[in-house]
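Colleague: Following the hints, position chains B, C and D against chain A.
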Amino acid sequence: MTEKFEPKIVAFFCNWCTYTAADLAGVSRLKYAPNVRVIRVMCSGRVDPQFVLEAFARGADGVLLGGCHPGDCHYAEGNYKTLRRMRMLERMLKDMGIYDGRFRLEWISGAEGDKVRTVINDMTEKVRKLGPLDLPGKFKEWDKEIEELEAQVSKSAAKEETVHAR
Amino acid sequence: MPDKPKVAFYWCASCGGCEEAVVDLAEDILKVVEAVDIVLWPVAMDFKRSDIEARPDKSIVACFINGAVRTTEQEEWVRLLRRKSQVVISFGACANSGGIPALANQSTKEGILKYVYEDCPGLDNPNKTRPQLKCEDEGRTLTLPELHGMVRSLDQVIDVEYYLPGCPPTPKLIMAAVLALLTGKLPPVGTVLSPDIALCEECKRKDSKPADLALTEFKRPHQVQIDPEKCLLAQGLVCMGPATRGGCEALCPGGNMPCTGCFGPTSRVKDQGAKFVSSVFSNIAPKEVKEIDAVLDGIPDPIGTFYRYGLSKCLLRRKLN
Amino acid sequence: MKYQYFPGCSLKGTGRAYEESFLAVFKALGVEISELEDWNCCGATAYMSVDETKSYALAGRNLAIAERAAEDVIAPCSACYLVLNKTMQGLKDHPELKRKVTSALKAGELDYKGTAKVRHPLDVLVNDVGLEEIKKRVKNPLTGLKLAPYYGCQVVRPFATFDDQHNPVTMDKLIATAGAECVTWPLKTRCCGGSLTGTVPEAGLRLAYIILKEAKKRGAQAIVTPCPLCQFNLDGYQDQIARKYERIDMPVLYFTQVIGLAMGLSAKELGIKRGIISAEAALAGR
Amino acid sequence: MTENKPKQENLPRVGFYICHCGTNIAGVIDPAEVQKYAAGLPGVAVSRDYKYMCSDPGQEMIAEDIRKHKLERLVVAACSPLLHEETFRKAAAKGGLNPFYFQMVNIREHASWVHTDKKAATEKAKDLVRAAITRVRYHQALDKKRVPVDPNVLVVGGGIAGIHAALTLANAGKKVTLVEREATIGGHMALFDKTFPTLDCAACILTPKMSAVKAHPNITLWTYSEVEKVEGYVGNYKVMVKRKPRYVIEDLCVGCMECIDACVFKEPKFHDKFNQGLGKRKPVYIDFPQATPKVVLVDPETCIQLKTGKCKKTCADVCDRKAFDFEQKAEMKEIQVGAIVLATGFKAHDAKRDPQYGYGKYPGVYTALEIERLVNASGPTSGEVVLRDGRHPKEVGIVHCVGSRDAKTNKWCSRVCCMYSLKLAHLIKEHSGAEVYNFYIDMRAPGKAYEEFYDKLLSEGVHFIRGRVAEVNDWAMTPEEEGRLIVRVEDTLAGFVRRIPVDMLVLSTGLEPQADAQEVRRRFNIGCGTEGFFQERHPKLAPVNTFTDGIYIAGACQAPRDIPDTVAQAGAAAAEALALIDAGFVELEPNTSHVIEEECCGCKSCLPLCPYSAITFEEVKKKAVINEVLCKGCGVCAAACPSGSIRQNLFEDDEIFSEIQGVLAK
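Chains as they are written, first to last, in this note's numbering: chain A, 1 to 166; chain B, 1001 to 1321; chain C, 2001 to 2286; chain D, 3001 to 3666.
Because the hints were derived from the structure by calculation, they are not lab data. Note that the coordinates shown come from a computational prediction; the quantities given were computed from them, not determined experimentally. Check each hint, because a few of them may be wrong.
[What the hints assert, rightly or not] Taking CB as the label site, the calculated pair distances span:
(1) C:2206 to B:1290: 54 to 60 angstroms
(2) C:2107 to B:1300: 33 to 39 angstroms
(3) B:1120 to A:94: 46 to 52 angstroms
(4) D:3496 to C:2132: 48 to 54 angstroms
[Claimed, not checked] With a Cα cut of at most 30 angstroms, we get these calculated DSSO-like pairs of lysine-lysine:
(5) C:2027 to C:2139
(6) C:2146 to D:3118
(7) D:3118 to A:115
(8) A:94 to C:2092
(9) D:3540 to A:115
All C-beta atoms in this analysis are idealised placements derived from N, C-alpha and C, irrespective of residue type, glycine included.
The shape of chain A in the complex, shown without the other chains:
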């Protein structure tokens, strides 16, 4: 039996625009896919590319970053800093084999509750089509080659020790 794959998406939303927009979507009772887990930051500029990598490494199938529209940042220009570094991060992710919209940067103002819905639904569907990324599973898979040897070595070591003891 194959269950429908439900992607896990970690979102970083800025307090003033996108998080507020997500609240607005709630107040407006808009319905959208339950696949996104929002982490609140004061500004999208607080999002360190390390956070994005960490989210992927810990099992996110997608990472969404939401900030104020250019020119509308609560902190004047934080979102430009986000944009600049995330453009580079996107290139790096691509070089590391993570692309096709698994990482997404969206400008959503506090008034755009509906955009929260459409972006989340759209991203969920797109990531669902891509299938699981499952880095924790992959890490385990990759490390099997050393686990095998670890087991072997420790076994032979145990044997050696007994020989030695004799």
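Modeller: Leaving out everything else, chains B, C and D in the frame of chain A:
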């Protein structure tokens, strides 16, 4: 004469530069040799694996291992040395974070073998012969170690007590580590034996760094006449100094070349490349996507630039296929 | 200074005086001009409205040939100038169109990259050669001559970046440099009748008449234009206009002829006599 | 690498609470299941679900549990933290816990209200709860900082907005410094003859307020001055003001204007900026008779003494107060204020940017501001509507939306042009008897008594032609058109193109941001919208606040607006400033960043990132330092510090990493 403490040196996937660094201790090396018994040092002395296997566990006081772990043989060796040693010091960038060899984590094992034995220009291998792990020759069985699927840092294979950073570690840091070992004045396990503050602290160009870089272009060192006094980032060169642990006394910037990050990040940072990107690209000038991209185009190989010595320690560990 | 030259059909036909004066003036200014090898129809005329893709391919072929050399291309005919620039822009904006055109050109072993630069001689004279340089060579200033600068619709709209779309002034500056007086009027870029003179003559002739009449009213002794179609429309239909409205007798010159005259080139070299309405009286009477 | 993970056995004791919010949450998410799940997570000492956590009993339950179970951390899963974070922080404090040992989980707006699949919503709630419980272990005890507020106020801009704000504040007993760039206050309003829709005389309502400013004991008026530099933060701004030299000592001049008569130039011959160039002035001049302060000034560009040093100085000779000082230099003044009101106004659109209307080419084309002066009784023609060539116009066209609602120039509607065009139509007709044609796109008259004013104009026989003017030229096609300006326009109501000959054409130019709005906004550390007007904090709920606390905006510097709205906004800005001052202090959210000195390498990467200049470089130690009062807590610097040496309170790396791990750990 009481037994001198036993010390071992070993190399895995490395260039030999770390061995050079030990030799670079110059006359100081005599003090070391006087104080300890070297029981293994493949580059300089003839010991066999069986010699180590024959030693009791934990009988080696300290073992310095450089190089990344790429093959089954290296893995066997480091596991063996771990068992025989009280303290393992991960020595140099390759052991600490994969180093240059870890850039191979952008390719698959098959991809590498295929390129090396089939596709590489100038290759004369019409039958596409590849080395075999095992073969029979005149009745003897010959074996070769197998390549792992990826390059690992030493601590991704065995537990490690200390780290000496650098490509290679500087003689000064090596000597300090050896002295600490000999005197027993050891920091907590897991410590990197170098100041936990970024390189700019000790860089002579520090004062010339402007507050706002507002970079509009990145250049590679061969493309510019480098001003020997001025901050290299301010000259549009990718200098990893701000995101790199100090301790080398800014050797490269002192030699008119930008820091490429071999000392790895400070203890507060998990992923050196990502953190550097966060910092330096926040400070470029343009605001429009097109213009931003034009600036980024100045860095043709981001992974090779920001993870030159640390791809094994990238949070993603390797390129997915 | 070196340029490639794209004549188009007009400058080899009805606009021969334009070609003659253009080449003569540029030669006298020491600008090297070499005609584009194996050029074809620019793609204007009826092509654009019948089959846009073919029209782009035709223009694209000229551009691909031009790209082989490093020099900018001068297209004196306004229609050629417009179509070539339009093609560059169109192929840049529409990848699918570009794919079709480039594959058609590939069949002819041509490679279109979009690197050519198509210039108008007005632009080159004012911005590359420079008014100072031209002024130095004016031997025979046209003092006392009153000229109406008439740009037509195509040269500044919509691709030109060298002049204002509403109120172009490059030719005004050249006229002043030639020592003549420039008439100010609001019809600089109004329609000359274009192809309507051939298809709906009652509309086309009226438009040409409006321009001729206003120029005369404002005291112009001749109209000066950078466009062969405008020149042909305004010059060639004055008999018909006379029958329908009134006789105007307004010579219509190319700006290159005006500069040539001021530089002391002969009327013959400049093809002055090729005009249907004779300019001799105007030029002599000043 | 080290990770300072709290050890399993010493985990702080967490109290977890999930709110049903009636059925708002419980209708979709199963609170009991989440509560049971949380109880099994490491470190959780108490786990409860309750109908309304935000109610008094709910809060009391938390406080009680903190005391009874010695809770060290608090997690509440309920609505949005933007709604009730403060409520539960207080509940924590009531129980004796530092309020910042608290993390809130939003399972209402972000889950129960937006999902229908109950199982998936409950799973999502568990993930979010786990993340918060993992995160809260890393929380630190924090305090809110209080800073005192200086009671003095700076008002920048002496138009009607600045005047009204300054008077309101001064009347409330606050010391106000009003800084104006021009030689007189009054702004654009001082140029007008009448104001719409009431047609009261602008001077009659404005000049008393101008005099009141000058006379007010609480107002220091600095005209011909500009703010050069602003430092500091809410409640504590240090402002540098440059006072340009007038070459006349302000305190000595009584404004008798005898010096103007005595000037060696017998006739006025220089461009008169105040009269939009329609009149002339001398090198020593005063903008208009009611100028405030009523002090003359000398223009260094045209004064012979100032240009050559060789003049008979008849002006100075005639001054018995000895007010002239040709050696005067610009002076820098420093003031301390707690709040700033920016009322820097607008700039009229440059009609030359629309060449099709022929401004600057045909002398018969005027801008609306020129006409304001022309119809003004105290203007250069004493209110006579006369063309530049001396003729009296028989027909006048007024083109609306010049530099407004136009993709080529400004997209926005300038809001006042329809109404002032009506006013000018009325005044022109009244003063000259000419036929007046209004060319409009839409007639916008949405203010009190505005539509009625439009009706009045219609009944006065002013012509209205709906259509955007295509072109204006002097190309006559008939003898009647000779020598006149031809307006070509599509009459969209009649459905054909018309040529309308006029003698005078008025361009109703729109309102634009001041040319230096960007520099000014940077100086004051506030934002501009895409069109270049100052950005309000919230378009509806905080229209006079900016994103910088303590700096307020009023009038047309924020967007085009008319006089009634400007005055209302100026009053609002003054009230906001008073609210700040009278509170006496401001409390700052502790989510600020700080540099760990011994970890900072002094690379300066963080310095340019801070839009508030909160980060400075300490030159002796060569380390970055963050002023926590200036810091607004965006965390950009913390994200960008390449060696991880900047921490943001409440959003530390450990906290966010643990939240990521928590949300994904399964």
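Colleague: Decide, hint by hint, whether the structure agrees.
Modeller: Here is what the structure says about each hint:
no.: 1; hint: C:2206 to B:1290: 54 to 60 angstroms; in the structure: violated, 47 angstroms
no.: 2; hint: C:2107 to B:1300: 33 to 39 angstroms; in the structure: holds, 35 angstroms
no.: 3; hint: B:1120 to A:94: 46 to 52 angstroms; in the structure: violated, 25 angstroms
no.: 4; hint: D:3496 to C:2132: 48 to 54 angstroms; in the structure: holds, 49 angstroms
no.: 5; hint: C:2027 to C:2139; in the structure: holds, 16 angstroms
no.: 6; hint: C:2146 to D:3118; in the structure: violated, 87 angstroms
no.: 7; hint: D:3118 to A:115; in the structure: holds, 23 angstroms
no.: 8; hint: A:94 to C:2092; in the structure: holds, 27 angstroms
no.: 9; hint: D:3540 to A:115; in the structure: holds, 21 angstroms
Of the hints listed earlier, those the structure fails to meet are numbers 1, 3 and 6, in rising order.
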